[in-house]
Amino acid sequence: MEEVFSSRPDLKDIPLDKYDLQLFTDGSSYMDDGKKVSGYAIVTTEEVIEANPLPGHTSAQLAEILALTRALEISEGKRVNIYTDSKYAFMTVHAHGALYKERGRLSSSGQQVKYAAEITALLDAVWKPRAVSIMHCRGHQKGHDEIPKGNRRADQAAKSAAKPLLPHCQPSRVLLCKLDDHSPMPNYEFYMNWRKFEPNGEFVETVLQRWSTNFELLEENHDYIQWLFPTFEQGRNFYSTPLSPQEKSLMSNASEIQQRLRRAYKMMLNFFDVKLVGENGEDTKVTEVERAENFAERFDNLTINPHNNLRITRVLLSLGELGAEEYQAPLVKFLLKEILIERNLPRMKKSAMNFFVPVVKDVQKRQDLLYFAWRHYQPKEEF
1 MEEVFSSRPD
11 LKDIPLDKYD
21 LQLFTDGSSY
31 MDDGKKVSGY
41 AIVTTEEVIE
51 ANPLPGHTSA
61 QLAEILALTR
71 ALEISEGKRV
81 NIYTDSKYAF
91 MTVHAHGALY
101 KERGRLSSSG
111 QQVKYAAEIT
121 ALLDAVWKPR
131 AVSIMHCRGH
141 QKGHDEIPKG
151 NRRADQAAKS
161 AAKPLLPHCQ
171 PSRVLLCKLD
181 DHSPMPNYEF
191 YMNWRKFEPN
201 GEFVETVLQR
211 WSTNFELLEE
221 NHDYIQWLFP
231 TFEQGRNFYS
241 TPLSPQEKSL
251 MSNASEIQQR
261 LRRAYKMMLN
271 FFDVKLVGEN
281 GEDTKVTEVE
291 RAENFAERFD
301 NLTINPHNNL
311 RITRVLLSLG
321 ELGAEEYQAP
331 LVKFLLKEIL
341 IERNLPRMKK
351 SAMNFFVPVV
361 KDVQKRQDLL
371 YFAWRHYQPK
381 EEF
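Numbering of the sequence shown is given in the UniProt record's numbering, commencing with residue 1 and proceeding in unit increments.
Hints are computed from structural coordinates only; laboratory data are not their basis. Incorrect hints may have been included.
[Unchecked claim] Between beta-carbon pairs, the in silico distance windows are: (1) V48 to P379: 22 to 28 angstroms; (2) S160 to N200: 34 to 40 angstroms; (3) D17 to E342: 57 to 63 angstroms; (4) N221 to K350: 24 to 30 angstroms; (5) K361 to E219: 24 to 30 angstroms; (6) A292 to G323: 22 to 28 angstroms; (7) A292 to D362: 48 to 54 angstroms; (8) D362 to N200: 24 to 30 angstroms; (9) P379 to N221: 18 to 24 angstroms.
Model, not experiment: these values are computed from the prediction. Glycine included, C-beta positions come from ideal geometry on N, C-alpha and C.
All chains should be built: construct the whole structure from the sequences, respecting the hints.
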């Protein structure tokens, strides 16, 4: 070891006496039927907290880094003991990582550090728990003691996650749904905070944390929207990639991605100066929307910049594709009320009828929206 320099001054490598969580992490990468598969897991001795597949090209070292990062994020605000059998992850967080960050993600020889972006995310995540101790444990131990038991569970969960079961499909569509580990998954990787959007973009967490109140940036930048709300169609940003069936399956079932998708939706509502009704914290499931305080100013912006009609269509489409269709109808009904009853947003009327309403996936809700629009549409003969 070149030098000992902890990434957090109070970070310990012996267990905390008093703790809220005790977690075990593992990353796995191996060949299965001639293909490389990868995954990670965070567990307790009794249950799997989180386990997800990773792109097939992910190395075992990187999988371990990602697993430890997620364990730290899950432990935000808590006192936590975390065990890893990866010396690489342990040494990164306890020693070399902070040196890399201090040098601008360069090694002592001046070379770019391998996994620089992921190590930076790890060093940021280590500050999330109220108190944290990260211990190295030997892998593949036998016995019924707590540490070997937790390590074995993490190992098994990571290996299982690396080779997920096929999503439920109709028999005729199995080939579409089958996971191909050599297929690129840029949308999935972006939403897992492993890559920046392109071109000249940021990680999804940076966008969600730092862009949410920068309305000028959200208005003027036209590259982020295709990454935040991917659909099966190619957008105007040709650096983005249409959503694949593989990504749809993974993203619809990953709790971490669903939470980020909800935050992305709330960010765009805020940009439109619309808000979820009566929401108290992230855990409250609210779908209805209403005007926010400065709606008049933001509505004027929507009228002046009609390209936002395309953004709304994309948001609605993406919510439907990624398993969050419950948010579609409330937003469309709110916009119909503003357009047809309040006589706001005059340049949005055609988009609402031709695009917003048709993309609502629930047939009954879509019919209800059409009936609502018919009741309030003027002149009736143009409906």
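message = Of the numbered hints stated earlier in the document, which are not met by this structure?
response = 1, 7, 8, 9
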